[in-house]
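Asker: Assemble the whole structure, with the sequences as input and the hints as a guide.
Just so you know, the protein sequences line up as chains E and G, in that order. Under my numbering, residues 352 to 715 are what the first sequence spells out, in order. Under my numbering, residues 352 to 715 are what the second sequence spells out, in order.
There's no promise every hint is true.
[What the hints assert, rightly or not] Lysine-lysine pairs mimicking DSS-like chemistry, simulated, CA-CA at most 27 Å apart:
id, chain 1, residue 1, chain 2, residue 2
1, E, 359, G, 589
2, E, 359, G, 627
3, G, 669, E, 583
4, E, 473, G, 583
Simulated from the structure, these hints should not be mistaken for lab results.
Protein chains: 2
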Amino acid sequence: MSWESKVKKTIPYTAGEQPKDRNIIKLNTNECPYPPAPGVLDAIDALKSRASDLRLYPDMNATALVDALAAFYQIDSSKIFVGVGSDDVLALCFLTFFGSGDPILFPEITYSFYPVWADLYKIPYKQIPLTPEMTIDPFEYAPGLTHVKNGGIIFPNPNAPTGVEEPLSKIERILRANPDSVVIVDEAYIDFGGTSALPLIDRYDNLLVVQTFSKSRSLAGMRIGFAMGNEKLIGYLKDVKFSFNSYTMNLPSIMIGKAAVEDRSYFEETTGKIVKTRERFKEALKELGFVFPDSKANFVFAAHPDFSGDYLFTELRKRNIVVRHWNSPAIREYLRITIGTDEQMDAVIKALAEITATAQNTNQ
Amino acid sequence: MSWESKVKKTIPYTAGEQPKDRNIIKLNTNECPYPPAPGVLDAIDALKSRASDLRLYPDMNATALVDALAAFYQIDSSKIFVGVGSDDVLALCFLTFFGSGDPILFPEITYSFYPVWADLYKIPYKQIPLTPEMTIDPFEYAPGLTHVKNGGIIFPNPNAPTGVEEPLSKIERILRANPDSVVIVDEAYIDFGGTSALPLIDRYDNLLVVQTFSKSRSLAGMRIGFAMGNEKLIGYLKDVKFSFNSYTMNLPSIMIGKAAVEDRSYFEETTGKIVKTRERFKEALKELGFVFPDSKANFVFAAHPDFSGDYLFTELRKRNIVVRHWNSPAIREYLRITIGTDEQMDAVIKALAEITATAQNTNQ
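Answerer: Set out below in structure tokens:
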């Protein structure tokens with residue numbers, strides 16, 4: 352025996368490629384192609400003039416950032432919790448709300464970290480298959496039907512990596528069927544034309560809506576995520592968080608995050624541009640024979656009936672275009688392609704046209 | 352039943368006071384009285400010119416920061432792990448190394464988050480009393496004597512909140528007696544004249560040394576901590592970390608942290624000043640009749656035989672001086688006073704002289 356026998360063993364994570372070559376078109380991690388709001392530059396100036404304050408612990412409540420979010424969403428600050436990216440917020444939610452011992456429920460095809468966090472906190476879980484149309488069936492999330500009870504429910508809306516958005520009516524059906532469980536709607540991709548469940552938090556005290564600054568606010572590099580829900584839910588999150596790590600949001604996050612939230616028109620302009628580009632891209636994909644569920648996210652999850660996902664991924668990579676591809680059986684024919692600028696998506700379409708044409712010639 | 356029955360219940364944390372009034376002398380959270388290294392200003396300029404990169408996920412390995420630490424400590428980068436403050440790093444260490452099911456050991460009077468993290472991850476623990484001189488007795492950490500086996504060992508050196516430093520010979524005795532456990536030396540306060548256990552990591556593959564940027568590097572506002580140990584230990588930490596939250600260090604942390612580490616002479620100058628001020632302060636405290644274990648940290652843990660800790664704390668607070676005081680029985684007569692500038696400590700001494708003189712007159 353040695354100390355190694357006591358170590359927690361995990362399967363090391365294989366990261367998505369982060370190419371440094373600026374000539375590469377990087378469409379594999381759903382980042383925003385546009386820079387953050389111009390106010391971020393002023394915030395960095397302000398940070399410089401306050402550099403001596405970096406010697407002090409930051410405001411553990413991140414009040415300035417929380418208040419800016421409260422003003423943006425027109426809700427009370429007591430209904431908002433911020434963390435180091437939505438991964439940090441979501442993991443804390445698992446710890447805080449999902450520890451009853453009953454299995455939690457989430458879709459079979461969904462964000463890959465859900466089963467990881469469940470395992471981390473020893474939370475049993477049940478993965479619910481999507482319908483053939485890649486949608487969520489609320490019937491499957493109703494206690495007493497497919498299962499006796501659950502310890503909580505979580506799903507992204509729009510779902511990842513499918514991009515499929517569920518209507519609020521469906522989310523309400525799940526909420527109404529589960530008053531005894533916390534239901535978390537992970538809205539990482541809601542700002543690209545989707546309808547947020549946020550207005551429902553006042554009607555359902557068991558609803559938590561989680562969002563991020565990494566996609567629609569062009570701040571993946573800052574690691575800022577947040578949860579919105581009634582005061583009681585947020586209070587429980589804070590209690591758990593402050594009980595074991597008081598200071599997590601650093602001063603730059605508070606200042607830069609605040610500046611990004613305060614510029615509503617820039618936010619609407621950039622997300623609007625991405626939506627427009629996405630719709631153009633979908634049309635072009637369709638013309639090339641690709642199939643894909645209708646995406647409301649800043650990516651499209653597409654497959655081609657005549658070419659394997661692996662082949663398309665490799666051919667794009669040869670042309671300096673990096674998209675996301677998984678080898679798991681259920682989704683291995685699909686590529687998840689982030690929506691970049693119009694120019695970038697034109698290049699993707701051009702490459703895909705070439706790849707599908709060439710290969711067809713070769714195969715014939 | 353409702354969803355609330357499923358929530359993890361914790362005792363809400365009562366934060367140390369964070370006064371906003373700039374006239375207050377704030378000596379309650381062991382922050383550095385000096386601003387961060389001047390190079391931090393250049394790093395903030397560089398951040399501004401790279402602001403558009405904030406749209407991208409940061410380097411998940413924080414390579415620039417890790418390499419700067421490797422150069423500073425003259426060790427290989429593969430022996431370093433960075434996280435969002437040493438609280439983040441230490442909590443991850445508990446999760447990674449202490450889950451064998453056997454009780455971990457740490458001192459009875461020590462950093463208050465150790466039992467919290469143990470409870471969080473359902474790790475049993477045993478708190479070992481300090482000697483009457485507030486030192487650690489290595490005999491008590493030897494398996495087969497006071498207990499059959501342990502699941503790991505952690506202690507701060509210098510200890511908090513006592514400030515007492517243990518010699519490396521004692522740490523080696525603990526390491527030699529526990530080859531089958533990971534031993535973590537939490538060196539948050541090592542840079543104020545203490546001797547780091549870092550040179551021992553090549554001889555003991557079960558030793559992990561954890562440090563922070565919050566005290567000696569004047570960057571509490573940035574939340575940066577790090578662990579140093581052999582590649583295998585660091586590899587396990589990375590595996591667990593990347594398995595559930597890949598991106599935690601934001602771009603400003605990487606850039607500003609790097610700038611702070613690169614200025615060795617500023618680091619030596621500021622820590623040197625604090626050591627000098629501390630020694631002067633100790634002399635003055637002694638003259639006022641205070642008793643305290645000899646501190647090697649950036650604070651002094653002091654009591655007065657004639658006055659209660661509560662009384663001294665309250666009287667200092669009235670004079671706009673904030674220090675740390677706990678109500679737990681074992682240490683309630685003590686104040687933990689952070690070492691500030693010479694001017695600040697002169698003001699503390701003046702106030703304590705006044706308080707002890709006045710009260711003596713009143714009591715007589």
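Asker: Sort out whether residue 583 of chain E lies within 27 Å of residue 669 of chain G, counting only the CA atoms.
Answerer: Since the Cα atoms of residue 669 of chain G and residue 583 of chain E sit roughly 35 Å apart, the hinted pair is violated (cutoff 27 Å).
Asker: Check the hint pairing residue 473 of chain E with residue 583 of chain G against an upper bound of 27 Å on the C-alpha distance.
Answerer: 25 Å, holds
Asker: Under the criterion that the straight-line Cα-Cα distance not exceed 27 Å, is the pair residue 359 of chain E, residue 627 of chain G satisfied?
Answerer: 43 Å, violated
Asker: Is residue 359 of chain E within 27 Å of residue 589 of chain G, Cα to Cα?
Answerer: 11 Å, holds
In summary, the structure is inconsistent with hints 2 and 3 from the numbered list given earlier, while agreeing with the others.
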